[in-house]
Amino acid sequence: MKAKRYLALTRAGVIEALQFRASFIVMVIGNLLYLIVVYFLWKAIYASAGSDVVSGMTFSDTLVYLVLATALFNFMEMYAVWQMGRDIQSGKIVLDLLKPMEYRRYLFWSFTGTFIMQFLFTFLPTFIVVAAVTHGAIPLGINILYFMISVVLAVSINYSIDFFVGTICLYTESIWGINIMKQVIVLLLSGATIPIAFFPEPLKSIVYYLPFQSIYNAPLSLLLDGSPSAEKVLTTLGMQLFWCVAMLIISKAFWKASLRQITVNGG
Amino acid sequence: MAGIIEIKNVTKEFRVLNRREGLKGSLKDLFSRNYKTVRAVDNVSMSIQQGEIVGYLGPNGAGKSTTIKMMTGVLEPTSGEILVNGCVPYKNRTKNAENIGVVFGQRSQLWWALPLIESFRLLKDIYQISDSGYDEMMKLYGSLVDIEPLLHKPVRQMSLGQRTLSDILAAFLHDPKIVFLDEPTIGLDVSMKAKIRTLIHALNKEKKTTVILTTHDMGDVDALCRRIVIIDHGKMLYDNDIEHLKSFFGSYRTLKVRVDGDLAAQTQQIQGQYPDFSVTCDEQEEWISVLVDEDRQKVLDVLSQLQKTHRIKDMQLEEISTEEVIKKIYEEGVR
Numbered sequence: 374m375k376a377k378r379y380l381a382l383t384r385a386g387v388i389e390a391l392q393f394r395a396s397f398i399v400m401v402i403g404n405l406l407y408l409i410v411v412y413f414l415w416k417a418i419y420a421s422a423g424s425d426v427v428s429g430m431t432f433s434d435t436l437v438y439l440v441l442a443t444a445l446f447n448f449m450e451m452y453a454v455w456q457m458g459r460d461i462q463s464g465k466i467v468l469d470l471l472k473p474m475e476y477r478r479y480l481f482w483s484f485t486g487t488f489i490m491q492f493l494f495t496f497l498p499t500f501i502v503v504a505a506v507t508h509g510a511i512p513l514g515i516n517i518l519y520f521m522i523s524v525v526l527a528v529s530i531n532y533s534i535d536f537f538v539g540t541i542c543l544y545t546e547s548i549w550g551i552n553i554m555k556q557v558i559v560l561l562l563s564g565a566t567i568p569i570a571f572f573p574e575p576l577k578s579i580v581y582y583l584p585f586q587s588i589y590n591a592p593l594s595l596l597l598d599g600s601p602s603a604e605k606v607l608t609t610l611g612m613q614l615f616w617c618v619a620m621l622i623i624s625k626a627f628w629k630a631s632l633r634q635i636t637v638n639g640g
Numbered sequence: 003m004a005g006i007i008e009i010k011n012v013t014k015e016f017r018v019l020n021r022r023e024g025l026k027g028s029l030k031d032l033f034s035r036n037y038k039t040v041r042a043v044d045n046v047s048m049s050i051q052q053g054e055i056v057g058y059l060g061p062n063g064a065g066k067s068t069t070i071k072m073m074t075g076v077l078e079p080t081s082g083e084i085l086v087n088g089c090v091p092y093k094n095r096t097k098n099a100e101n102i103g104v105v106f107g108q109r110s111q112l113w114w115a116l117p118l119i120e121s122f123r124l125l126k127d128i129y130q131i132s133d134s135g136y137d138e139m140m141k142l143y144g145s146l147v148d149i150e151p152l153l154h155k156p157v158r159q160m161s162l163g164q165r166t167l168s169d170i171l172a173a174f175l176h177d178p179k180i181v182f183l184d185e186p187t188i189g190l191d192v193s194m195k196a197k198i199r200t201l202i203h204a205l206n207k208e209k210k211t212t213v214i215l216t217t218h219d220m221g222d223v224d225a226l227c228r229r230i231v232i233i234d235h236g237k238m239l240y241d242n243d244i245e246h247l248k249s250f251f252g253s254y255r256t257l258k259v260r261v262d263g264d265l266a267a268q269t270q271q272i273q274g275q276y277p278d279f280s281v282t283c284d285e286q287e288e289w290i291s292v293l294v295d296e297d298r299q300k301v302l303d304v305l306s307q308l309q310k311t312h313r314i315k316d317m318q319l320e321e322i323s324t325e326e327v328i329k330k331i332y333e334e335g336v337r
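Just so you know, the protein sequences line up as chains L and H, in that order. Using my numbering, you'd call the opening residue of the first sequence number 374 and step up by one each time. Using my numbering, you'd call the opening residue of the second sequence number 3 and step up by one each time.
Be a bit skeptical, because a hint or two may be false.
The calculated lysine-lysine pairs, modelled on DSS-like cross-linking and capped at a C-alpha distance of 27 Å, are [as the list claims (entries may be wrong)]: (1) Lys-472(L) x Lys-300(H); (2) Lys-179(H) x Lys-93(H); (3) Lys-472(L) x Lys-93(H); (4) Lys-377(L) x Lys-179(H); (5) Lys-577(L) x Lys-605(L); (6) Lys-625(L) x Lys-207(H); (7) Lys-472(L) x Lys-330(H); (8) Lys-330(H) x Lys-300(H); (9) Lys-207(H) x Lys-472(L); (10) Lys-465(L) x Lys-375(L); (11) Lys-179(H) x Lys-197(H); (12) Lys-195(H) x Lys-179(H).
Calculated from the structure, these hints are not laboratory results.
The whole structure should be built from the sequences, with the hints applied where relevant.
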């Protein structure tokens, strides 16, 4: 059975993640520090703005949004670009290419174990704490379901972007700069560091049509809206679905063309 | 009979940027389109039968790895034709992968952080090995090597020898038709090398697996390969039995004698007796060496004749080793 091999990779990923317990603790501490910085930064912003509501969001709205965005980031960021870059540089990629599986899928499923672990150990606790502390800032209803669908699409889009950027490593054979650039672009334009509501007008509309906001902004806006209109749900998920398919096709095609290039010219 | 691997007139060329030297040159290179073509593999043909162990030899940079990468389907030949298992590897890389196993010397395909058994279980699912096939293979492994202590050890804690052994076991796990071993014994101690040779030999015999072995260690070749292929500068220099190669050069033996009297005079005298053979003398060691072509005259005949004319104090007979033969071929090519 074909599905079994993917689950086997997931399983190995979970076991592998469990081997490095210390890294979880370090990550949780790192997140706390980041969130403390975020808290004081936005407190200062709201204090200097002089009003309780900035760009249609209250202080606690913003904070809840950013805390969840950080948790989501920890869960979705899979460092596929690093992995690909390292494997390309070291030549280990040859061994992965010689597995009887499509490389793109092989890599994705190798990451799913980490996904599950991150979801259970960082996203879920954060979610519960935020829900408990804020007493109802996160509505619990049908929006949870929309959120879950949205996250699945977001994961796929995020992976496609990572895979696309990773493919560039086949040409450049260096990772660092490209990866940093990708990270900054994605984190900024997806609304993971600053809620998109705060963006100035022309930029806001442009960002809305780019694939990045589908990664963080879309699932979070569905989650934080207790009674979203059917129209909002459909356009948000529709947009995500569009980018999911588009990025899948683009990243796949780019990889295929690049790999051909490599097999012809050597690597 | 068509072999499991058929290579016909395969050539592989790479385009590499002509790099200039120095800071100025490096800056210019940023915009340079000045490529040169390097021919890594030049018109190579061979046919390998199921169950053979072929030693694929050549100095560093001869084009061995490039040939192997083409056979596995990671590289596409510039021209020529490769058939592995009846299909074209680079067009059916994923399908081809089911029938081959690879060990690339310094790199490991095992999961670094996991105990070996987990890597094996993963490979079992990835290659869709049946339960019975897997059990049978593990039983075979158990009978060949002391596998039990390895199975529960994380790969990152293994010594290089243990890891190489594990990697070889992993490559054979799905009972592939062909296994490519790229310098498997590199950096290992003598006893580990012997262990690995025994293992490869046993697996080849048991499973009729075709093995393509590249190595710089003549011990590997002597222990495992009946047939060797030698390549240098991308060109094939030799493809035949190892015995043939030895006899090729091996018909020459060096007879060394130490005799009474003046060295130079005696050397000249012996040279006069055997005008066809090259006779040299080593002044420091006081040896006179006669390179005897055994096809023309037996060494012992020469020795007994010499005994009649000279008083021989000491003698030595030297055979050309595989290593020397290969060295000779790298240096001079096949004459």
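How the hints compare with the structure:
no.: 1; hint: Lys-472(L) x Lys-300(H); in the structure: 55 Å, violated
no.: 2; hint: Lys-179(H) x Lys-93(H); in the structure: 18 Å, holds
no.: 3; hint: Lys-472(L) x Lys-93(H); in the structure: 15 Å, holds
no.: 4; hint: Lys-377(L) x Lys-179(H); in the structure: 24 Å, holds
no.: 5; hint: Lys-577(L) x Lys-605(L); in the structure: 17 Å, holds
no.: 6; hint: Lys-625(L) x Lys-207(H); in the structure: 42 Å, violated
no.: 7; hint: Lys-472(L) x Lys-330(H); in the structure: 39 Å, violated
no.: 8; hint: Lys-330(H) x Lys-300(H); in the structure: 23 Å, holds
no.: 9; hint: Lys-207(H) x Lys-472(L); in the structure: 25 Å, holds
no.: 10; hint: Lys-465(L) x Lys-375(L); in the structure: 24 Å, holds
no.: 11; hint: Lys-179(H) x Lys-197(H); in the structure: 22 Å, holds
no.: 12; hint: Lys-195(H) x Lys-179(H); in the structure: 23 Å, holds
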